[in-house]
Structures are given as C-alpha cells and as structure tokens.
Amino acid sequence: MLCWKVKIMNLNFNSPLFEVIRDEKKCVKCKLCVDQCSNKVHLYDEKKDIFKVDDMKCVNCHRCAVLCPTKALVIKKYSLEYRENAMWTDSAIKEIYKQSQTGGVLLSSMGNPNPFPVYWDKMLLNASQVTNPSIDPLREPMETKVMIGRKPEKLEFDSKGKLTTKMPPQVELSVPVMFAAMSYGAISKNAHEALARAADDLGICYNTGEGGLNKDFYKYGKSTVVQVASGRFGVHKEYLNAGVAIEIKIGQGAKPGIGGHLPGRKVGEDVSYTRMIPVGSDAISPAPHHDIYSIEDLRQLIFSLKEVTRYEKPIFVKIAAVHNAAAIASGTVRAGADAIVVDGFRGGTGAAPTRVRDNVGIPIELALASIDQRLREEGIRNQVSLLVSGSVRNSADIVKAIALGADAVCIGAAALIALGCHMCRACVSGKCNWGIATQDPELVKRLDPEVMHKRLVNLVSAWNYEIQELLGGMGINAVDSLRGNRLMLRGIGLNEKELEILGIKYAGE
Amino acid sequence: MLKEGEIRIPSGCAISGIIDKKGKRFSGEEIIKSIALMHERSNGLGGGFAAYGIYPQYKELYAFHIFYDNLSVKSQVEDFLAKHFEIESAGSIPTKSVPNIKDQPLIWRYFVSPKIYMSKEEVIDEDEFTSRCVIRINKEDKGAYVLSSGKNMGAFKGVGYPEDIGEFFMLDGYEAYMWTAHGRFPTNTPGWWGGAHPFTMLNWSVVHNGEISSYDANRRFVEMFGYKCTLQTDTEVITYLFDLLVRKHKMPMEKALKAVAAPFWDDIERESKEVQNELKSIRTVYASALINGPFSIVLGFAKGMIALNDRIKLRSLVAAEKGDRTYIASEESAIKIICENPDKIWSPKGGEAVIALLEGENNEPKF
Ligand code: SF4
Ligand code: SF4
Numbered sequence: 001m002l003c004w005k006v007k008i009m010n011l012n013f014n015s016p017l018f019e020v021i022r023d024e025k026k027c028v029k030c031k032l033c034v035d036q037c038s039n040k041v042h043l044y045d046e047k048k049d050i051f052k053v054d055d056m057k058c059v060n061c062h063r064c065a066v067l068c069p070t071k072a073l074v075i076k077k078y079s080l081e082y083r084e085n086a087m088w089t090d091s092a093i094k095e096i097y098k099q100s101q102t103g104g105v106l107l108s109s110m111g112n113p114n115p116f117p118v119y120w121d122k123m124l125l126n127a128s129q130v131t132n133p134s135i136d137p138l139r140e141p142m143e144t145k146v147m148i149g150r151k152p153e154k155l156e157f158d159s160k161g162k163l164t165t166k167m168p169p170q171v172e173l174s175v176p177v178m179f180a181a182m183s184y185g186a187i188s189k190n191a192h193e194a195l196a197r198a199a200d201d202l203g204i205c206y207n208t209g210e211g212g213l214n215k216d217f218y219k220y221g222k223s224t225v226v227q228v229a230s231g232r233f234g235v236h237k238e239y240l241n242a243g244v245a246i247e248i249k250i251g252q253g254a255k256p257g258i259g260g261h262l263p264g265r266k267v268g269e270d271v272s273y274t275r276m277i278p279v280g281s282d283a284i285s286p287a288p289h290h291d292i293y294s295i296e297d298l299r300q301l302i303f304s305l306k307e308v309t310r311y312e313k314p315i316f317v318k319i320a321a322v323h324n325a326a327a328i329a330s331g332t333v334r335a336g337a338d339a340i341v342v343d344g345f346r347g348g349t350g351a352a353p354t355r356v357r358d359n360v361g362i363p364i365e366l367a368l369a370s371i372d373q374r375l376r377e378e379g380i381r382n383q384v385s386l387l388v389s390g391s392v393r394n395s396a397d398i399v400k401a402i403a404l405g406a407d408a409v410c411i412g413a414a415a416l417i418a419l420g421c422h423m424c425r426a427c428v429s430g431k432c433n434w435g436i437a438t439q440d441p442e443l444v445k446r447l448d449p450e451v452m453h454k455r456l457v458n459l460v461s462a463w464n465y466e467i468q469e470l471l472g473g474m475g476i477n478a479v480d481s482l483r484g485n486r487l488m489l490r491g492i493g494l495n496e497k498e499l500e501i502l503g504i505k506y507a508g509e
Numbered sequence: 510m511l512k513e514g515e516i517r518i519p520s521g522c523a524i525s526g527i528i529d530k531k532g533k534r535f536s537g538e539e540i541i542k543s544i545a546l547m548h549e550r551s552n553g554l555g556g557g558f559a560a561y562g563i564y565p566q567y568k569e570l571y572a573f574h575i576f577y578d579n580l581s582v583k584s585q586v587e588d589f590l591a592k593h594f595e596i597e598s599a600g601s602i603p604t605k606s607v608p609n610i611k612d613q614p615l616i617w618r619y620f621v622s623p624k625i626y627m628s629k630e631e632v633i634d635e636d637e638f639t640s641r642c643v644i645r646i647n648k649e650d651k652g653a654y655v656l657s658s659g660k661n662m663g664a665f666k667g668v669g670y671p672e673d674i675g676e677f678f679m680l681d682g683y684e685a686y687m688w689t690a691h692g693r694f695p696t697n698t699p700g701w702w703g704g705a706h707p708f709t710m711l712n713w714s715v716v717h718n719g720e721i722s723s724y725d726a727n728r729r730f731v732e733m734f735g736y737k738c739t740l741q742t743d744t745e746v747i748t749y750l751f752d753l754l755v756r757k758h759k760m761p762m763e764k765a766l767k768a769v770a771a772p773f774w775d776d777i778e779r780e781s782k783e784v785q786n787e788l789k790s791i792r793t794v795y796a797s798a799l800i801n802g803p804f805s806i807v808l809g810f811a812k813g814m815i816a817l818n819d820r821i822k823l824r825s826l827v828a829a830e831k832g833d834r835t836y837i838a839s840e841e842s843a844i845k846i847i848c849e850n851p852d853k854i855w856s857p858k859g860g861e862a863v864i865a866l867l868e869g870e871n872n873e874p875k876f
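Taken in order, these protein sequences are the chains called A and B.
Oh and the first sequence: position 162 is 162 in this note's numbering, straight run, nothing missing.
Just so we're on the same page, this note's numbering is the position in the second sequence counted from 1, plus 509.
Same shape as in the complex, but just chain A (with noise of 0.2 Å):
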C-alpha cells in the first residue's frame, strides 16, 4: 500500500470552531468548569489568579456553560471567517488543512449534519371533521401497542372454528418506539443502564448494539434485543439467549458498506471483558461478516441463530438505506428474516469515515416507502415488521413513518439527547463530558442511570400521548390502522417524483 504519510510538527493553519467567552463580571472562580472540561479548555493560573482558555480544544459540549453556576459562560462560533465563497466553505478548507497535516481520514461522530432535505418536515398530516369525528384520547381507549415478528400470511382454523396455525414468536412493544443499537464501547455502562431500565419500564425494547452485553444487565433481557454484528463481540450461545429477539446487523446508515472501529483506548477492563477482546486492543469490525457473502448465507446464519434459540426469537436484520434497499429488503424477508431495521442516511455513529458518513446512503423516509410499496407489490410486506431509524426526532416524525409503512421506530440520537447528549459531534475522542460516549470513569460517573433512566420513562412518555393524540385527531383508535395509511400524509415542497416515491398526494388534493 502506498503511504506517504509524513508528520508534520510545528506548522497549524487551522483556526478554533469555536470561542469561550466568560463574563468576568459574573465569574465567581469556582474553578467549576476547569473540573468539567475534560478537553483541558479551562485553565486556571494560581499565580496571576486569572482563567485562560485554549479555543482550540472546546468542541461546544455547553458542559461548562451549563453547570457554571453564574451563567459566566457562553460558548460562540469562533468568528475568524475565510472570505465568503460558495465553493469554498469553511469547512472544505479546513478539512484540507486537517488532512494535509496528519495524511489521515477524517472521522466524524453522530448523524451526517448536512443540509439535505428532511422529507419528515415535507409531509403534513390530516385531521378528521364533520363526516368522521376525532377522538379523544382522554376518554376513548387509544391503542399503540405493536407486534414485532414474522406474521404467517393467513390464520387456519378447524372445522370447529377452532385456530390451529401456530404463532412465530412476536416481540410486543407497548409504544411503537425501540431504543436503536448503542454498543457497549461507544457508549458508556451508566448510559447502557439508563436505556435499559428506561425500556423495561415502558415495556419497549433497547439494543446491546455490537459489543455484547454486561452481566449486570442480563436481568433486563425480556427489555433487550440482542446484536450480531460482523464482529461477533461477546456473542456466546447465553448472550443469544439473553434478549427476547437478535439483530443480525448487516449495515448501518451512517457507515453503509464499511465495518466498525472501537479504538483501544475505549477497550478497559470491563468492555474487554464484555466483547471478550484482550484490554487495549481495537475493536475492529470487518465489512462483511466473513460468512455472509451473498444472500443464502445470511439465510443460514439466521437459521443458526433461530436453531440455537429453539425458534423462540424473532430476528431481525438491519440494512443501511442505499439505493437498492427494496430488493435487499425484498431478499432479507424471503432469507427468513422476521423484522427489518433500515437506518437512514442520517443515522448516527460512534465514529464513521467523514466521506462514508456525509455521502453514502440514502434518506430513510424515501428508503421506507420504497421499501414499504414493495414488499406489498410482491405480496409479502403482511409477514414482516418493518423498522426504521436515522433521524426520528420526535412524536410527529413516527407518526409519519407509520402512515409511510413502519411498524415502528428505532430512536438513537433523541435518545442519547434525552441523556444529555448536547450534539457536539465529538464522541469519537471518548472524551465526552456527558458520560455518554466514553469509558473514562471519571466521566461515566456523571450519568446516574437513576436519574435518567426516567428522562426516557418521560421523553417516551410524552411522545406516546402526543402520538395517541395525533391518531385521535385523525379518527384513528389503533395504531395499526394507521400503518401505511399514507392517504393520512400530504407533501409540502416536494416535487412529482418525490411525491411518487413517497406515495403521497400533494396538499390541497
């Protein structure tokens, strides 16, 4: 392989993101904030008694600003700015910059923040009048449980009437909401614990994600979907075992196409342990899994999974939303798969390729109608569960997917908000002052699963009102009759083909 990379010392053209400006006046020195930081921005000098700051370092976590007890701190884009140019934004530049001094590739965290159109914020949705009531949720019954796993196509009954077909196993979700696929790496223990006692609480699912699952938290297995990802990381028949369904993951709309990559420095003692790798060592998840290259494969390793776990277990298969997801959707409900998760383009990562994350994919919206249609097209979407996720961000967001075709919804990003995640897009340098997406210790301890476990309880709470409150409004007391009822959706700002793919009619039709 060729390699020119040469390491370059003294010579920086990059400039800070962003600036920390502290109000002297309101400043009382509690030295609050140089505790905080975990990226050293904070320094305070004993001798001069004065606070200096290094800019460079601060990734806008708003950790400092929002503990400092006096509001002292703002934390502002930094205002160097290059001449304006179209071509040339800021952030081409100082890519070129980045790479040019380390010869490496850029990597980013979180979902691809780009400004392509959120299709979520291009659909309405419609209400009942005068020929069909609404209904209140307050006084009606208002149903949004949902039922994840492989549906035979029909029922059969005995001459007496009596049901002889024998029902795959179903995942039951009290609201049609999962908690997406976080690793144990990429995210913290405290943060596991929190997302796991949420989900058992409400009577929904968490994903262990790719890096195995702690023995601590065996004991929320009837709230857990457990991953096989191409990696196998702590997978062991117990762990298959452990959750009431496996995800067998095959791609990941942030990174669709590549594998994964836990760097040592997150490997301590316990996720060593948990994804049984020697402490220190990367985490590195092939591309492929080594035994699945083409579609009979995947059927195998589902059957694997499905005979170790006495076909007690749905599994689903999660793809990443490219451009032929249909026909791969297509393939992966006849290989035997009982759910699908797709992940948008949007979807968010630990740590991807910064050109894998902003240009590969698709949006997920386009993905599940299109995907949605055809499985129908092809007469077998009745006899699957149909999952997104990449960029749902709220209650109106599901209620979309819904009409689009989903039978529900993998929340990741919100989740992690709900956590304290305050979107500074660093969790790649395992630094993250939130105790979400790192292992220092010190940090972790600054997530009490206690206290935010019940943020999701809230936040999942809240959504399943507003989500029961939409349906009523639409007439609707079940959530299944809203399953891919798109004549409940009208675009805004969309144009013919869009409006196509989405199967929708344009507002005013």
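Careful: at least some of the hints might be erroneous.
[What the hints assert, rightly or not] Below, simulated BS3-like cross-link-like pairs (lysine-lysine); rule was C-alpha separation at most 30 Å, straight line:
1. B:Lys789 <-> B:Lys759
2. B:Lys782 <-> A:Lys162
3. B:Lys759 <-> A:Lys160
4. A:Lys222 <-> B:Lys789
5. B:Lys737 <-> B:Lys592
6. A:Lys98 <-> A:Lys40
7. B:Lys789 <-> A:Lys154
8. B:Lys782 <-> A:Lys222
9. A:Lys445 <-> A:Lys26
Hints in this document: simulated from the structure, not taken from any laboratory.
Place chain B with the ligands on chain A using the hints.
Quick look at chain B with the ligands alone, frame taken from chain A:
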C-alpha cells in the same frame, strides 16, 4: 369533476335491513318504507337496495346487473361475457319512469354460468373466476359497471333518494327473504349511478354508514391479495376485506368479525388463556384488516346478514326482532314504522355483531 374512483368522496348515510330467518320471501315494499323514513339522512344523490332470494328459477346461475353508458360499451362487454360465460338469459331490467330519477344508464341483467376452462391460470374455482371477470370489466371497460354478480340475489341502485330508486326499479314486484337498503349523503358527487350503494361482490353486499379512517391501510392490505379498489369507497374495501377473510382465507365469520372490529388489547388480557391466544393471533396477523373510525354496516350474504358497529360506536345502529324476522336500521323509527311492536329492540354495543342467519345455517366459511 372527477368520477367516483378517481377521487374519494366522504358521505353520511342511512342504512336498513330485514331478514326472514325461515327464508319466507316478501316484497320490497317494507324496506322502501323503512329507508324512506330516514329521508333526511340522504340528500338525493344516491340510494340502493340488495335483495336475496329474488331469482329462485335461476338460483344456480350468477346474476349480473350491469350499467352501460352507451351501446358500444354494451356490445364490447357482451363480447367479453360471451367468451367467458354461458349466457342463459339476457334482457334489460324493467323500470318505470319516476319524476325525480333522471339520466339513467342502460340497465341490463344476465344469468350466466362461467366457462371456467377459459381461465389461463391453475385451478381457480367458479367464484374466483367470476369475481376476476367482474373486477376486469369494472376496471377496463369504461362506461360499463357491474353492480351485482351473485347468485339468486341482485343490487338495484342509482342517483336519487332511495325510495324513488325503489319505485323506479319496481321493487314491490320482487320477493326476497332478505333486503338491505342504503340512502346516501355524499359531500359531493358527480352523480354517477355506479357510485351509489350497496356495493356488491359475488354474494356479498355491503351497506355502510360512516367514513372509515383506516381506509388506505385497509386498501393497501387487500390490494396485496390481488384486489383492486377502483371505486375508492369504504363499502368497496369492506366488501373485499370480508371476501378475503371469509372466502379466500376461509376464516369462520365470527373470527373475521374479531379482525375487522378487533377487541381492545385490554379486553383481550381479561380473557382465558386460550381465547387470549386466539384473539391475539387474529389481531397480530390481521392488524391491517381492523376497520377504524365511525361505521355501521350491514353485510349481506346468501346465508343471512350481519350488522356491525365500530369498536367505540361512533355511528347509530339499532336492531330488533319479531317472530322470524330480524330488523336493522340507523334509527329506531325506521324499524318501528314497519314493525310496530317488536319482541325485542336494542342498540348493539360497539364492536358487537348482530348475526341473523337463515335457520339451519351455521357460520362456516361458505358464504
Ligand atoms: S469542550 Fe465543553 S466543557 Fe469544555 S469548554 Fe467547550 S463547551 Fe465547555
Ligand atoms: S454523546 Fe457526548 S460526545 Fe457524543 S455528541 Fe453527545 S455530548 Fe457530544
């Protein structure tokens, strides 16, 4: 203005139904009287009837009632019929001129038996063959519309108040063991005769009051199984749902009712383990068959009729019994005008079906 099928037209309505469970036949006079009482619930833009037991002399044959806009489409459809069916008898349906009924199409009736050997596909039964032909005519032959296609039954409908439509078709001259009727209050209508109700398919007929909010979820579900919802009406999709569940999937009728008007999850939890398992399975597999939003329907089929309300009873529906007869109507008064002292009169609970079958019949999955 777009024709029904090109646009979805919400409507309010009146419905009514009578069955003699001993199979004794009676004229259409009573049902006309009943539906006429609810005049205010329709607006003269659609009315119709379904009658069962009216063609005993041809009871082995499929009776097609067809509207034609012109003679050329008539000969086109007749060519198609001749190719796919033995036509035992054909003729126009007698009507009488009524001042309020205008712009009627050509209205024809055929008694036919299918030439099932014409089917290119592997074994399909007569019903399936016939229903495919009907769907094909309604979809392809512009200006023709098959309004009913069952055996020993027929639909009579058009643009106008139902009582005028009844007079127009001279229904007092027909004798049936079961009648259903519909008066329509569409919010707008291009005045197309095919758009009036009941909607029928083979022996099924549906009259319905309400506007279902699950329409598109139900439509996209049945279309997965080869149906094509050309009219975009609730009655059409409801008919197909029953056809799918009962005729194609062979579900016992009472189980099919648990799919379309599914009990609430909370209520299911209170049942015995076995019942729970069954109801859960039905809700899980047929989640998209749940009909949501306000509706009251009367579903007619050869063996009898079933009246059903949505789960939280957002539409009125009253039932009564007297002797061998069961009555259903949107309003109590529409029953009382033809049956002054019923033995029993009640307002069925949401989601609880009133099942009135011919005696000696059970609800096996034969419709
Ligand atoms: S990195 Fe966070 S804690 Fe540190 S200075 Fe910036 S905003 Fe404050
Ligand atoms: S998880 Fe932590 S590091 Fe990552 S974006 Fe959120 S606050 Fe920043």
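Original post:
Are the Cα atoms of A:Lys98 and A:Lys40 separated by 30 Å or less?
Top reply: 21 Å, holds
Subject >> 30 Å Cα cutoff - pair A:Lys445, A:Lys26 >> reply: 28 Å, holds
Original post:
Holds or violated: are the alpha carbons of A:Lys222 and B:Lys789 at most 30 Å from each other?
Top reply: With a Cα-Cα distance of about 19 Å, the restraint between A:Lys222 and B:Lys789 holds, given a limit of 30 Å.
Original post:
Holds or violated: B:Lys782 with A:Lys222, Cα cutoff 30 Å?
Top reply: Holds, at roughly 20 Å.
Original post:
Does the structure keep B:Lys782 and A:Lys162 at a Cα separation of 30 Å or less?
Top reply: 14 Å, holds
Original post:
Under the criterion that the straight-line Cα-Cα distance not exceed 30 Å, is the pair B:Lys737, B:Lys592 satisfied?
Top reply: Judged against 30 Å, a Cα distance of about 23 Å means the pair holds.
Original post:
Are B:Lys789 and B:Lys759 close enough, with their CA atoms no more than 30 Å apart?
Top reply: Given pair B:Lys789, B:Lys759 holds - Cα atoms ~18 Å apart, limit 30 Å.
Original post:
Would the pair B:Lys759 and A:Lys160 pass a check requiring their Cα atoms to be no farther apart than 30 Å?
Top reply: Holds, at about 13 Å.
Original post:
Holds or violated: are the alpha carbons of B:Lys789 and A:Lys154 at most 30 Å from each other?
Top reply: Holds: B:Lys789 and A:Lys154 sit about 14 Å apart, inside 30 Å.
The structure agrees with every numbered hint stated previously.
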